[in-house]
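Enquirer: In case you want the letters, here they are:
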Amino acid sequence: MCLGNPGRILDPRDDRGLPVGTVDFGGVRREVCLAYVDEQVQPGDYVVVHVGFAISKVDEEEARRTFAILKEMSQLEELDWIGEVADRSLDEMERPLS
Amino acid sequence: MRYLSEYRDPALAKALLARIRSVATRRWVLMEVCGGQTHTIVKQGLDELLAGAVEMVHGPGCPVCVTPLEQIDKAHRLALRDDVIFTSFGDMLRVPGSECDLLAVKARGGTVRVVYSPLDAVELAIANPTRQVVFFAVGFETTAPANAMAVWRAKQLGVKNFSLLVSHVTVPPAMRAILDAPDNRVQGFLAAGHVCSVMGWTEYEPIAARYGVPIVVTGFEPVDLLEGIWMAIRQLEEGRAAVENQYVRSVSREGTRPAQRQIEQVFELTDRKWRGVGEIPRSGLALRPEFADFDAELRFGLESLAVDEPAECRAGEVLRGTLKPQQCPAFGARCTPEHPLGAPMVSAEGACAAYYNFRRHAEGADVAS
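Protein sequences appear in the order of chains A and B.
Residues 1 to 98 (the working numbering) make up the first sequence, in order.
Residues 1 to 369 (the working numbering) make up the second sequence, in order.
Excised from the complex, chain B in its bound form:
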């Protein structure tokens, strides 16, 4: 496929690896924010190839992982109602709630449908006028334009039986929270390319300046990641802390304005709890008052649900980059993709799942057997 295979070229990857090694005079600590990037880094073993020159710390950019437990439990309550068709992206189905996951809710008689696009959920509502269709609106700035459009579309078409269970989060406040933590080790960031495709990178400029960290907007293929790492290391070696763009073919400084406008029309900033991490001020998106009619929590009276995270799951430390998945005592033993304690073990973008699928036979073999 065009614009994919070129960026998986082993000769280019090898050249970039050599260049990173020749530039690095010490071992630098970089965080890739996005779980999709974590997956490629661990699967391709890029972190192992760079050992000695760069330590890659995996960030909180997995929407499945950071959706708080109470929102998962609310999803389960909604899906069990006779009048509700609960719709979601497929990767939320196996995320453990307090008692079970959405697949188990489905097995108990709940109506759960997987959709590819949130607009499919709107069409489902049109086709089922006697049922309430609720869409689980989770994710970062990459899914926010789609979910905002679903609400706008439902309003435009007069679809009354559609609503959102919203649990949106945004990247920059999480980066600030990581940098503010007393035990922070991160010296530079690879920013998530597709979040920046939507938002551009102006929000990251004050972060780079204030904290003195290089931030490189980076794509998702192995060659993209290695080039992003190289650009960040070069900045660190030169004592610079700027925002640079590796992913030029998809990202501009301003981002995709019409998508930003749609997010702003439908959503507003709110304090949001991140699963395993806790509340981060003004880190989430909630529906604006004009769209309150489409808020499933108001429609079904779900606002006041509070639940505690399971104590054994140390996902919060993994998501902040202070614990590697295989350092968790439960990894591969009490916690596996089949029987997960926390969301990072089930998500395709979760760091624990990436290590379990690609690493446990190497370094985690003793705990995984």
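With the rest of the complex left out, here is chain A:
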């Protein structure tokens, strides 16, 4: 029950005084309560959903930024990796890397 998923808000609306909306999870659509995020979300925004409730808005800019940093690190790491492996003595090479 604790496993939350990011999904995209399609149509925020009101259900007897409660903000709700359909959220698309990569093709699977669910009715979700938006009461806790309604002041900060619009159609098209991504939210993290737990047991039918959006508990936070996914910060798209932050998601992109984190990913870009990681990507860059991975490329740098590839260079370090090659250098490291070339310099390494044989017994150190036996240590499993991945």
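Hints listed in this document are in silico derivations from the structure and should not be mistaken for laboratory results.
Remember, predicted model here, so these are calculated numbers, not experimental data.
You may find that some hints are simply not true.
[To be verified] Here are some of the chain B residues that sit facing chain A, going by a computed Cβ distance under 7 Å:
(1) SER117
(2) SER197
(3) VAL198
(4) GLY200
(5) THR202
(6) VAL248
(7) THR256
(8) ALA259
[Stated by the list, open to error] Cβ pair distances, simulated, as ranges:
(9) B:ARG253 - A:ALA68: 20 to 28 Å
(10) B:ALA333 - A:GLU72: 47 to 55 Å
(11) B:THR25 - A:GLU72: 23 to 31 Å
(12) A:GLN40 - B:ALA333: 45 to 53 Å
(13) B:ARG257 - A:GLU60: 18 to 26 Å
Idealized CB from N, CA, C, for every residue including glycine.
Got chain A sorted already, so can you dock chain B onto it with the hints?
Expert: Chain B in isolation, oriented as in the chain A frame:
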């Protein structure tokens, strides 16, 4: 899907693994609190890839696992009543009580319905005015806002035939209990990303300071977990003990205020027993007196039920991180997902089930056959 696939990139995972290995000068012991994180770590074999640099100890963050036995037994009593429709998240159905599980109760004629959202249970109550609808309100701070809203909604709409069987717990007191234990080995924590999406991380700052442990708010994908581990190891190597946030795309320091306000309106702190662990002071949530009308234990007179845990199940040690599932003599033999002795073997977030499903052919093969 956006914001999922990027964080499962094998090249990034490989780079982070190399970085963790190059930073770690000794073998550090980290605990991931959340059972969802345990599942990913064991399924992807991240702990095995990190062997030598980091030991991952699995924490108590599985709501299914820590719901005390007497609350499960109370659920069974309620579900067997003719006037009750008992509603629950699906993952509670196979949790063993003293005698059986909710599926068996259903087979014996009890009315048990699985709901996706607790608001569905409120709608079920509206649609069935002659029956009592009880919802099994379990979980951590991730489900608390939803369950609080269900009560608030029932009150707002004047739904009288709805109530909650409450067994809510919160993360920070469990972390303190783990750190206070004389046999504690945990040197740093990965805090559960989604609990922090709701609550923020201010509650963890005094824990990091008092106990001198790094705490990194961490997401759930393999790359998130590896980055969280890397951040924690870097702190340990530098001799720092701060709260840091890996899961920036979903978590802010303050958390989701409207959700916190709703929890505070409906629930208050209470002492709570954790299955296999025992009572932890002020570690649970109970309905406030203003919402006592929605308390199923009061409505159906269930308060005074006390039962003992089965002696053979060592789930408490697994949940505190002092025993690995495959070290339990019952693992894979007397205890399997089909015939579980304890909740961690049936839950999707339980450490025993994760080891049984993904590990028994490797290291636990002798006991699992």
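Enquirer: Run through the hints listed earlier and report the numbers of any the structure violates, in increasing order.
Expert: When the structure is compared with the hints, numbers 4, 5 turn out to be violated.
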